[in-house]
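Colleague: We have chain A; now place chain B onto it with these hints.
Number of protein chains: 2
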Amino acid sequence: MSGLDLKRRLEGFIREVWDQGDVEATGRYLAPLYTIHHDPGDPWERRVLDLDGYKERLRQSRAPFPDQKFDIQRLCADGNAVAMTWLWNGTHLGDIPGFAATGRILRLSGATTYFFTPERTLTGHWQVTDRLGVWRQLQANAGGAAA
Amino acid sequence: MSGLDLKRRLEGFIREVWDQGDVEATGRYLAPLYTIHHDPGDPWERRVLDLDGYKERLRQSRAPFPDQKFDIQRLCADGNAVAMTWLWNGTHLGDIPGFAATGRILRLSGATTYFFTPERTLTGHWQVTDRLGVWRQLQANAGGAAA
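In the order they appear, the protein sequences are chains A and B.
The opening residue of the first sequence carries number 1 in this note's numbering; numbering runs sequentially from there.
The opening residue of the second sequence carries number 1 in this note's numbering; numbering runs sequentially from there.
FYI, nobody ran anything at the bench for these hints, they're computed from the structure.
Owing to the predicted nature of the structure, the values given are computational and were not obtained by experimental measurement.
All clues given are correct.
Identical copies go unnamed one by one, so any copy, or any two together, can satisfy a pair.
In silico SDA-like cross-links for lysine to any residue, where the CA-CA straight-line distance does not exceed 20 Å:
hint : residue 1 : residue 2
1    : Lys-55    : Glu-11
2    : Lys-69    : Arg-59
3    : Lys-55    : Asp-19
4    : Lys-55    : Thr-35
5    : Lys-7     : Arg-74
Looking at chain A on its own, in the form it has when it is part of the complex:
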């Protein structure tokens, strides 16, 4: 399992599954069980998902932002893990809890460490995103005062 190999796998996963929203491609990348070890603000945090559970998370997460795109900043591969820093943007085209769709572009940044099995499938992640930054954009777009 070379680091370069895992980084290419992860790039394919981000492009196909998260940028393009190819739900069926998920099966080529995921292990039978996927653990969300840490991900404050993600409704699935600390859950262990099977493939169908992950597909549902993907559908629900992408629905409000169907044109979303990750801009990978850096990948660090070490052992069974690849740490990814990223920028993200997506047009807010669907409602999310507390905020109706605005049609505005939202921007977010985050850092995610992905864990691989020896078979090079993804078995979980540990993630932090700048939730306060996106919350302030939502407040501003909704016409409210920023925090």
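Modeller: The following block gives chain B in isolation, referenced to the frame of chain A:
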């Protein structure tokens, strides 16, 4: 420059400089210039600091939380970079903008990629922290409604 070597250097830096607040130790770890490439919410974001500038950032950042402690979750070393995921806690003993000291323990999580020079000194970082999580704790401690 082995990955294990850089990870040990980074662990020493976090323990001595950030946990223990040893301002003079900073000089053993930092390159002459240190760039904060990305760090939403950090007042020094996008600035290039010399050693005195970094020491001032350290003093100001640590002052409200003098007993702060990083709990390193995982280190991924790759080339000149080490990606670190972490939990953090500190007692809120000094005022911060908008929030007077409460004496309560605050908890934060984040992920930071540190960049090294060939001489194994730190030359910058790219970081995201869960600012919304800490903001909600501050609001709750201040007796206000959580966001």
